[in-house]
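2 protein chains.
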Amino acid sequence: MKPINVGLLGIGTVGGGTFTVLKRNEEEITRRAGRPIRITTVADKNLALAREVAGDDVRLTDDAFSVVTDPEIDIVIELIGGYGVARELVLKAIENGKHVVTANKALLAVHGNEIFAAAQEKGVMVAFEAAVAGGIPIIKALREGLSANRIQWLAGIINGTTNFILSEMRDRGLPFAEVLKEAQALGYAEADPTFDIEGVDAAHKATIMSAIAFGIPMQFDKAHIEGITKLESIDISYAEQLGYRIKLLGIAKKRDDGVELRVHPTLIPEKRLIANVEGPMNAVLVQGDAVGATLYYGKGAGAEPTASAVIADLVDVTRLHTADPEHRVPHLAFQPDQVQDLSVLPIDEIITSYYLRMRVEDQPGVLADITRILADSDISIDAMIQKEPAEGESQTDIIMLTHQTVEKNANAAIARIEALDVVKGKVTRLRLETL
Amino acid sequence: MKPINVGLLGIGTVGGGTFTVLKRNEEEITRRAGRPIRITTVADKNLALAREVAGDDVRLTDDAFSVVTDPEIDIVIELIGGYGVARELVLKAIENGKHVVTANKALLAVHGNEIFAAAQEKGVMVAFEAAVAGGIPIIKALREGLSANRIQWLAGIINGTTNFILSEMRDRGLPFAEVLKEAQALGYAEADPTFDIEGVDAAHKATIMSAIAFGIPMQFDKAHIEGITKLESIDISYAEQLGYRIKLLGIAKKRDDGVELRVHPTLIPEKRLIANVEGPMNAVLVQGDAVGATLYYGKGAGAEPTASAVIADLVDVTRLHTADPEHRVPHLAFQPDQVQDLSVLPIDEIITSYYLRMRVEDQPGVLADITRILADSDISIDAMIQKEPAEGESQTDIIMLTHQTVEKNANAAIARIEALDVVKGKVTRLRLETL
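Note that the protein sequences, when read in sequence, are chains F and Y.
Going by our numbering, the residue at position 103 of the first sequence is 103; the numbering climbs one at a time, nothing skipped.
Going by our numbering, the residue at position 405 of the second sequence is 405; the numbering climbs one at a time, nothing skipped.
Think of the hints as simulated: they come from the structure by calculation, not from any bench.
Hints are supplied without guarantee of correctness; some may be wrong.
Same chains, same label: a pair holds when it works inside one copy or across any pair of copies.
Taking lysine-lysine and the DSSO-like style, the derived pairs with C-alpha atoms no more than 27 Å apart in a straight line are [to be verified]:
hint	residue 1	residue 2
1	LYS23	LYS254
2	LYS222	LYS254
3	LYS2	LYS23
4	LYS408	LYS426
5	LYS122	LYS2
6	LYS408	LYS222
7	LYS271	LYS387
Same shape as in the complex, but just chain F:
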């Protein structure tokens, strides 16, 4: 059968992995797609690198726009990243009737609504398995495997950099700044790690998953984003004493009155499988009304794991293109005209449980005062540790775990607690999910 022609934009880590795996497993991939998949053109600013990776059998160019306007190209793989020129290229490809496969979580989180609307209008497919959780086929699970379900919520460890850092902080009791350096040295964190450690990358991915899971538009600008830069080793330790692990979770939850969309360090019971996902691995836990909880675990990044997702999309797009050459039913395109009108709730309306650590004067009545304040805000206590003061000291830590409450109640209670004379400094607050 006639090959399907693919143009690859960007031959960095993932592009190189895609090229390599397509070649190594060509026979299996061709059998599964039903026809050969040929990268005919590679565009990259660095032509020397492109030639080194892609060899002489493909057309090489530093003009990506020539690829998205080439009538011979059926599918464009966008691996440039970011939302600058990548956005223009993707829209141009769609305009020219080409399907798009991308790994670009930032682009989709910020411009996905526009891109999917354009694709639907044109009747082409935009596939993005590689944009979330690397090689784990989570988008396919959400959109197809769980299509019988109303998704109630999902929670994911979807940034390997931060999960590696948290694992090391816990395993070795080291502070964040030291572990970050180590992560950079090992290649688990970028030279500029901001997007990862501040939770932005995880928020991009959580936004995309929320759109697929709930059939809502991308609302990245409304996501609540907290990274791990302020996390202290002492809290990891106290959490463990109480039977919890701390992970950076991307959470999306559907409620009657809106959607929660948030990224932040979260205490999880240690007996949950997801609490035991370590190092640079990813995992997404999904709750569906029919199937209950399902978990998907694997490598969230890397050349070949991400390439695995890119190529799975190529195979799907190729199969559907062959079955449906007039693009009558853009099965993989997001369908913006059927989205539900559910807005992302502001952070003070989320409902969750809390870990609170406060430094207090070791005096009678302090605990009673704090407990009273919580009760006044309708917050009940699930567990508590009160440490003995160190030798010769008058201050001590109180650590509390609360039951679920609305965040605004927690905010009010924390403000009142901080106003007490016996409470020194700020209350450290981390959210907790029993999952």
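Based on the hints, put chain Y in the right spot on chain F.
Coordinates of chain Y only, in the frame set by chain F:
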């Protein structure tokens, strides 16, 4: 758009769940399928039950053959089970140009080659997500999500009855027979639990997964099958002391010289996520050459979890039927003319590690004799415990973990060990996988 018409054969647990979920989530499912999915006819021997579950809007019949010959029906859901009349019905449905969705692992493991060949010839789809691991979309992951990979091996906890029993045996130190009774009382085991506890059900599912993963024919008759009926609590305890859990695993491994296909109790390192899957939950660990290890976890049985998989298949079949009304590319059908010619290896050729427990006279030199025998068979020892004899007793247990070896070597060594005067009775042997 015009609804697609579905005939449901069998309205027991899963059939009832399918009906319920299709109705409850009708709006979402219709949106995802692109058109309404209508069960127009239900066949069951028990018409009273059918009416109770399905109501008055569907045609009810006790004649399943009338459904598979009805020209108005596009898709047949087979939920009768077994490989008696179910086989005839499925083949008849295919003959009449209807797609088939089934949960019938026994039928596919035993007659799958014939069924898929018939479907391919006729250009119709046979979908079977519900046949393996309940609501976990594992078939979709193997066939589509991981389509870029050569699957190297997979290992699954794919029978909830036995996993529940093993969890209880470990948690409470109770013997197998007692926990089985409890499982039956709780509904986790059938009145006749043979297929589950003897590993046959797991072997059906492992056979199906091996065919999809490796592109080989079903070879259920060659699968090595051992259940949990002979497992002793003392071994669960020793395994734990050595840092392992015991699970009933369905394993499929691709080697250059053939395929391993086996079900048996297996020691797994406790730090593996899959070792911590408890109760009636299922999980499948898959190793692909590009993505590495991915794990899929969730409910392996139950009305709505299994219905979730049945309906996901209905949605897929409906989408493809719409895109490809002349069935030009039977994407979901197994393609028997392209299968690899890889045979299942006999059990004495598998390569694995072993847990060995033997009762010996507590004398000097015993350990040396046993170690010598193992070395003679090229078997090296990874770990060992030698228990102190009980007060006034002269015999004691030696427990060994070996490194990998060919099973025939282990068999030879075990025979020689058992022939030693100082060794009392048989050597207990369990296989061990580091995964």
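- If you check each hint against the structure, which ones fail? none
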